[in-house]
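Participant: Sequence:
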Amino acid sequence: MPDTYAVEPRAVTGKAVSRLRREGILPAIIYGRGLPSLAVQMPYVQARDLMNQHGRSTLINVQVAGEAEPRPVVVRQLAQNPVTRALLHLDFYQVDLARLITAQIPIVLTGTAPAVARWNGLLVQGLEHVEVEALPQSIPLHLEVSVAGLGQIGDHVFLSAVRPPAGVRIITSGDSMVVAVQHSASEPAEPAAPAAPAGV
19 MPDTYAVEPR
29 AVTGKAVSRL
39 RREGILPAII
49 YGRGLPSLAV
59 QMPYVQARDL
69 MNQHGRSTLI
79 NVQVAGEAEP
89 RPVVVRQLAQ
99 NPVTRALLHL
109 DFYQVDLARL
119 ITAQIPIVLT
129 GTAPAVARWN
139 GLLVQGLEHV
149 EVEALPQSIP
159 LHLEVSVAGL
169 GQIGDHVFLS
179 AVRPPAGVRI
189 ITSGDSMVVA
199 VQHSASEPAE
209 PAAPAAPAGV
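Residue numbers 19 to 218, in this note's numbering, belong to the letters of the sequence shown in order.
Honestly, the hints are just simulated from the structure, not real lab data. In this text, a Cβ means the ideal position worked out from N, Cα and C, and glycines have one as well. Do not take every clue at face value.
What the hints assert, rightly or not - Distance condition first, Cα-Cα at most 20 Å in a straight line; then the derived SDA-like pairs of lysine to any residue:
(1) Lys33 / Ala97
(2) Lys33 / Gly52
(3) Lys33 / Tyr62
(4) Lys33 / Met69
(5) Lys33 / Val82
Said to hold, decoys possible - Cβ-Cβ distance ranges computed for the label pairs, FRET-style:
(6) Gly172 / Val30: 53 to 59 Å
(7) Gly84 / Gly169: 21 to 27 Å
(8) Gly169 / Val30: 29 to 35 Å
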(Lines of atoms letter the chains of each structure in order from A and count residues from 1; the text may use other names and numbers.)
(Lines give C-alpha, C1' and ligand atoms only; values in the text may rest on other atoms or scores of the structure.)
Protein backbone atom coordinates (compact mmCIF):
# COMPACT_ATOMS: atom_id res chain seq x y z
CA MET A 1 0.00 0.00 0.00
CA PRO A 2 1.58 3.34 -1.04
CA ASP A 3 2.17 5.96 1.63
CA THR A 4 -0.49 8.67 1.84
CA TYR A 5 0.20 12.38 2.29
CA ALA A 6 -2.41 15.00 3.15
CA VAL A 7 -2.73 18.13 1.02
CA GLU A 8 -5.21 21.01 0.97
CA PRO A 9 -6.73 22.90 -1.97
CA ARG A 10 -4.79 26.11 -2.61
CA ALA A 11 -6.45 29.44 -3.38
CA VAL A 12 -3.21 31.45 -3.42
CA THR A 13 -1.53 31.53 -6.85
CA GLY A 14 1.01 33.55 -8.80
CA LYS A 15 3.56 35.70 -7.01
CA ALA A 16 1.54 35.52 -3.78
CA VAL A 17 2.76 31.95 -3.18
CA SER A 18 6.02 33.39 -1.81
CA ARG A 19 4.04 34.26 1.32
CA LEU A 20 3.07 30.60 1.70
CA ARG A 21 6.71 29.55 1.51
CA ARG A 22 7.65 32.04 4.23
CA GLU A 23 4.96 30.43 6.40
CA GLY A 24 6.41 26.95 5.87
CA ILE A 25 3.86 25.88 3.25
CA LEU A 26 4.88 24.39 -0.09
CA PRO A 27 2.72 25.06 -3.18
CA ALA A 28 2.00 22.11 -5.45
CA ILE A 29 -0.29 21.05 -8.26
CA ILE A 30 -2.05 17.82 -9.21
CA TYR A 31 -2.73 17.07 -12.88
CA GLY A 32 -3.28 14.02 -15.00
CA ARG A 33 -4.38 12.61 -18.33
CA GLY A 34 -7.78 14.13 -19.12
CA LEU A 35 -8.09 15.62 -15.62
CA PRO A 36 -8.43 19.28 -14.61
CA SER A 37 -5.43 20.66 -12.72
CA LEU A 38 -5.85 21.25 -9.00
CA ALA A 39 -3.66 23.71 -7.07
CA VAL A 40 -2.83 22.31 -3.63
CA GLN A 41 -0.48 22.99 -0.72
CA MET A 42 1.19 21.00 2.05
CA PRO A 43 3.54 21.66 4.98
CA TYR A 44 7.11 22.11 3.74
CA VAL A 45 8.48 19.60 6.26
CA GLN A 46 6.08 16.96 5.00
CA ALA A 47 7.04 17.63 1.37
CA ARG A 48 10.74 17.42 2.24
CA ASP A 49 10.21 14.10 4.02
CA LEU A 50 8.21 12.82 1.03
CA MET A 51 11.06 13.58 -1.37
CA ASN A 52 13.73 12.19 0.97
CA GLN A 53 11.85 8.92 1.37
CA HIS A 54 10.39 8.38 -2.10
CA GLY A 55 12.05 10.73 -4.58
CA ARG A 56 10.51 11.08 -8.01
CA SER A 57 8.47 8.49 -9.92
CA THR A 58 7.53 6.39 -6.86
CA LEU A 59 3.82 5.76 -6.50
CA ILE A 60 2.26 7.50 -3.48
CA ASN A 61 -1.23 8.66 -2.52
CA VAL A 62 -2.28 12.22 -1.81
CA GLN A 63 -5.43 12.80 0.18
CA VAL A 64 -6.96 16.12 -0.81
CA ALA A 65 -8.95 17.67 2.03
CA GLY A 66 -12.66 17.35 1.29
CA GLU A 67 -12.30 14.43 -1.13
CA ALA A 68 -13.53 10.94 -0.28
CA GLU A 69 -10.68 8.93 -1.83
CA PRO A 70 -6.93 9.52 -2.06
CA ARG A 71 -5.40 10.08 -5.48
CA PRO A 72 -2.57 7.83 -6.77
CA VAL A 73 0.24 10.09 -7.96
CA VAL A 74 3.93 10.29 -8.73
CA VAL A 75 6.15 13.37 -8.44
CA ARG A 76 6.72 14.34 -12.06
CA GLN A 77 8.56 17.66 -11.61
CA LEU A 78 10.01 19.70 -8.77
CA ALA A 79 11.44 23.19 -8.50
CA GLN A 80 14.32 23.96 -6.13
CA ASN A 81 16.28 26.99 -5.04
CA PRO A 82 19.46 26.83 -7.17
CA VAL A 83 21.66 27.78 -4.21
CA THR A 84 20.09 26.19 -1.13
CA ARG A 85 18.32 23.32 -2.98
CA ALA A 86 15.23 24.03 -0.88
CA LEU A 87 11.98 22.87 -2.46
CA LEU A 88 9.92 25.58 -4.16
CA HIS A 89 7.15 23.61 -5.89
CA LEU A 90 6.00 20.03 -6.59
CA ASP A 91 4.07 18.69 -9.57
CA PHE A 92 2.02 15.58 -8.77
CA TYR A 93 0.95 13.53 -11.79
CA GLN A 94 -2.21 11.52 -11.11
CA VAL A 95 -1.82 8.09 -12.69
CA ASP A 96 -4.12 5.39 -14.00
CA LEU A 97 -3.02 2.26 -12.12
CA ALA A 98 -3.86 0.13 -15.17
CA ARG A 99 -1.83 2.23 -17.63
CA LEU A 100 1.92 2.02 -18.24
CA ILE A 101 3.98 5.11 -17.44
CA THR A 102 7.60 6.06 -18.09
CA ALA A 103 10.00 7.38 -15.48
CA GLN A 104 13.64 8.34 -15.01
CA ILE A 105 15.19 6.38 -12.13
CA PRO A 106 18.76 6.47 -10.77
CA ILE A 107 21.32 3.69 -11.26
CA VAL A 108 22.93 2.38 -8.08
CA LEU A 109 26.20 0.46 -8.35
CA THR A 110 26.51 -2.53 -6.02
CA GLY A 111 29.38 -4.79 -5.01
CA THR A 112 33.11 -4.29 -5.38
CA ALA A 113 35.06 -4.34 -8.64
CA PRO A 114 38.16 -6.59 -8.20
CA ALA A 115 40.09 -4.50 -10.73
CA VAL A 116 39.96 -1.49 -8.42
CA ALA A 117 41.92 -3.19 -5.63
CA ARG A 118 43.97 -5.58 -7.76
CA TRP A 119 45.09 -3.20 -10.49
CA ASN A 120 44.48 0.18 -8.87
CA GLY A 121 41.72 0.78 -11.40
CA LEU A 122 39.33 3.72 -11.39
CA LEU A 123 35.62 2.95 -11.46
CA VAL A 124 33.84 5.35 -13.84
CA GLN A 125 30.04 5.51 -13.97
CA GLY A 126 28.94 6.52 -17.46
CA LEU A 127 25.18 6.44 -16.90
CA GLU A 128 23.51 7.76 -13.75
CA HIS A 129 19.82 7.56 -14.71
CA VAL A 130 17.80 5.27 -16.92
CA GLU A 131 14.33 5.62 -18.45
CA VAL A 132 11.98 2.73 -17.74
CA GLU A 133 8.37 1.81 -18.44
CA ALA A 134 6.07 -0.05 -16.07
CA LEU A 135 2.77 0.13 -14.27
CA PRO A 136 2.85 2.90 -11.64
CA GLN A 137 3.03 0.46 -8.72
CA SER A 138 5.96 -1.39 -10.35
CA ILE A 139 8.29 1.57 -10.95
CA PRO A 140 11.39 0.83 -8.81
CA LEU A 141 13.17 3.43 -6.67
CA HIS A 142 16.38 2.67 -8.57
CA LEU A 143 18.06 0.13 -10.82
CA GLU A 144 20.90 -1.86 -9.26
CA VAL A 145 23.95 -2.76 -11.35
CA SER A 146 26.63 -5.06 -9.93
CA VAL A 147 30.30 -4.27 -10.57
CA ALA A 148 31.54 -7.55 -9.05
CA GLY A 149 32.43 -8.93 -12.48
CA LEU A 150 34.84 -6.12 -13.39
CA GLY A 151 38.16 -7.88 -12.85
CA GLN A 152 40.44 -6.19 -15.38
CA ILE A 153 41.26 -2.68 -16.55
CA GLY A 154 38.95 -1.94 -19.46
CA ASP A 155 36.13 -4.19 -18.27
CA HIS A 156 32.71 -2.55 -18.55
CA VAL A 157 28.97 -3.10 -18.24
CA PHE A 158 26.59 -2.04 -20.99
CA LEU A 159 22.93 -1.43 -20.21
CA SER A 160 21.98 -4.34 -22.47
CA ALA A 161 23.51 -6.70 -19.87
CA VAL A 162 21.36 -5.35 -17.02
CA ARG A 163 18.17 -7.23 -16.18
CA PRO A 164 15.38 -5.04 -14.79
CA PRO A 165 12.86 -6.24 -12.20
CA ALA A 166 9.83 -8.19 -13.41
CA GLY A 167 7.28 -5.97 -15.10
CA VAL A 168 9.80 -3.23 -15.87
CA ARG A 169 11.07 -2.43 -19.38
CA ILE A 170 14.20 -0.38 -19.96
CA ILE A 171 13.72 2.26 -22.64
CA THR A 172 17.22 3.78 -22.65
CA SER A 173 19.45 2.33 -25.39
CA GLY A 174 21.18 -0.90 -24.45
CA ASP A 175 24.36 0.45 -26.11
CA SER A 176 24.76 2.91 -23.23
CA MET A 177 27.79 2.18 -21.05
CA VAL A 178 26.78 2.03 -17.40
CA VAL A 179 30.18 1.62 -15.76
CA ALA A 180 33.79 0.82 -16.69
CA VAL A 181 37.18 0.37 -15.05
CA GLN A 182 39.89 2.68 -16.34
CA HIS A 183 43.54 3.28 -15.51
CA SER A 184 43.88 5.42 -12.43
CA ALA A 185 45.28 8.91 -12.96
CA SER A 186 47.66 8.21 -10.08
CA GLU A 187 49.40 5.43 -12.00
CA PRO A 188 52.99 6.32 -12.89
CA ALA A 189 53.29 7.38 -16.50
CA GLU A 190 55.57 5.59 -18.93
CA PRO A 191 59.02 7.28 -18.98
CA ALA A 192 59.47 9.51 -22.00
CA ALA A 193 62.16 8.64 -24.54
CA PRO A 194 65.26 10.88 -24.22
CA ALA A 195 65.35 13.75 -26.69
CA ALA A 196 67.90 13.55 -29.48
CA PRO A 197 70.87 15.95 -29.14
CA ALA A 198 70.57 19.14 -31.13
CA GLY A 199 72.05 19.02 -34.58
CA VAL A 200 71.98 15.23 -34.88
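Participant: Go through the numbered hints given earlier and state which of them the structure violates, listing their numbers in rising order.
Facilitator: 2, 4, 5, 7 and 8
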